[in-house]
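Undergrad: In case you want the letters, here they are:
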Amino acid sequence: MLRMINVGVAFEGDSGNKEVLKDINLTLENNKIYVMTGPNGGGKSSIAKAIMGIYPTSGRIMLDDTDISEMGITERARQGIGYAFQMPARFKGLKVRDLLRLASGGEKIDECQLLYDVGLCAQDYLNREINATFSGGELKRIEIASILARRLKVALFDEPEAGIDLWSFQRLTETFEALHRKYDTTIVIISHQERILRLADEVILISDGTVSGRTSHEEFLNQISEMDSNCLCKSDCIKGGAANAECSR
Amino acid sequence: MLNAVDKKLLEEVAGLHEIPQGAYNIRKNGEGISRNTTANINIVTKKDKPGIDVIIKPGTKNESVHIPVIMSKEGLTDVVYNTFEIGEDSDVVIVAGCGIHNSGDGRAQHDGIHEFFVRRGAKMKYVEKHYGEGSGRGEKVLNPKTVIEVEAGGVAELEMVQIKGVDRTVRDTEVVLHENARLIVTERLLTYMEQTAESIITVELKGEDSSAQIISRSVAQNDSKQVFHLNLRGHAKCRGHIQCDSIIMDNAHVSSIPEISALHSDAQLIHEAAIGKIASDQLVKLMTLGLTEKEAEDTVLKGFLN
Ligand SMILES: Nc1ncnc2c1ncn2[C@@H]1O[C@H](COP(=O)(O)OP(=O)(O)O)[C@@H](O)[C@H]1O
Ligand SMILES: [Mg+2]
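Note that the protein sequences, when read in sequence, are chains A and B.
In this note's numbering, each residue carries its 1-based index in the first sequence increased by 16.
In this note's numbering, each residue carries its 1-based index in the second sequence increased by 4.
None of these hints come from the bench; they were simulated from the model.
Quick caveat: nothing in here was measured; it's all calculated off a predicted structure.
Be aware that one or more of the hints could be misleading.
[To be verified] Simulated restraints, written as ranges between beta carbons of each label pair:
#1 A:Gly121 with B:Gly280: 26 to 32 Å
#2 B:Thr206 with A:Gly152: 55 to 61 Å
#3 A:His196 with B:Asp270: 44 to 50 Å
#4 A:Asp30 with B:Arg141: 46 to 52 Å
Positions of the beta carbon are idealized from the N, C-alpha and C atoms, including for glycine.
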């Protein structure tokens, strides 16, 4: 279980202090899938980075009975927190296999299965360098595989669907379901996709650096279709109608 | 004849655990100490100056030549001239390299002047590793000069690595490519403490459809200094690409001085150079997998210089 107690994140900017997260209070339980959604710039990635220790925070963060607020990234990782970045890093010279091995921390892993779980063919990828020749979607999937290679207490996935084709997307949702079935990891997925939203035990709405709502996915999707039916631009909406949560922004 | 220090040096520069298979010539402290030739590869001592001629018969396939140089004495400057004749349509690997063990306070220096003729249709892979060790204050200096001519349809692939213990180096490489000839260079360089390294590579793309690709990666740490002059000159319809990538750390200095000259309207030349710190997103990613900052840094550098 992960608890955020009055967590804030602020950055020094040109125009003084900018509060990116304010008073975040969240309890995230084991064996549940949480989907965080909300407008761009609302603070979703910042919450994930605050949990991972990448952003300095005020307030307290507890993992089970351990106060991890003062821990650095490495220590939090070793406590069982993992984060699949929205914008994954590329590495000149580091191969997919190397990354997965580093991720597993010496535990035996099935690299082929891991890549299959994110819709990639192991044979084509294991020996490839994670460099500029990777497409955005490929990079995202390698990033997700590096999180799946670990046994985590808390797994954070930041817009995992971005740049991923439909077929792989299907695999990916199955993979999240399987992860959920097999382990009691707390799974947090930042996403705007209806199919991902449907996996959620709880949908957490983040906007303006705060938690602005917590609902079930049924309720959330209902609200959206209501908003959609009130939408003035509906007839011209390129996203088209109720099926897409992004229309609510 | 080979003591423990010699064996360590041989392993570092030539990956050799014992006397190599095939043709070889081992030079120690300014003298040839052991040699083997094969039916296709002859090695002859030069008469007019120190050094050897390595002659590879046309059509020789899948053979290798090891010509390591080891130095374990201080106060020695060894200058050697080696000439390589790579016969038509042959396909060979040449492993050179120089290891210096200097435990004294005097300088130990090796200047190797290597000249290669890669004949029509021949393929040569040349691997050169430089390595220094020893606790003394004596400098370890290596100044290789490499001159290569690749005839029509020939291929020269150079792998030049210097990642430990060489205090000063100026490496000068000149290549002439004829019709359809191809050059591939990968250079890896790491400097630290007060070391300095300069690499000059000049490629004359003279023949039609010749091509050159140079990939240089370096890491400069502490107070070390590096300078790269990579130069492509296209005299005909040709293609050339330089990628020069450096990671800079601490108080190091790196200069990358590009030069590409097209002397023909169908010459296509590209130079890419980048110098920067280790990308912090790479470090952070590795730390989120449980590596310490130091481990993350080492992992990134090792991959980069791989
Ligand atoms: N490192 C940073 N420095 C300054 N501002 C930041 C930083 N990271 C995020 N922000 C700001 O915080 C706000 C929330 O960003 P983010 O958490 O990435 O939103 P989301 O993931 O919901 O789109 C944005 O206004 C963004 O510009
Ligand atoms: Mg985000």
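Undergrad: So which of the earlier hints does this model not fit?
TA: Hints 2, 3 contradicted; others consistent.
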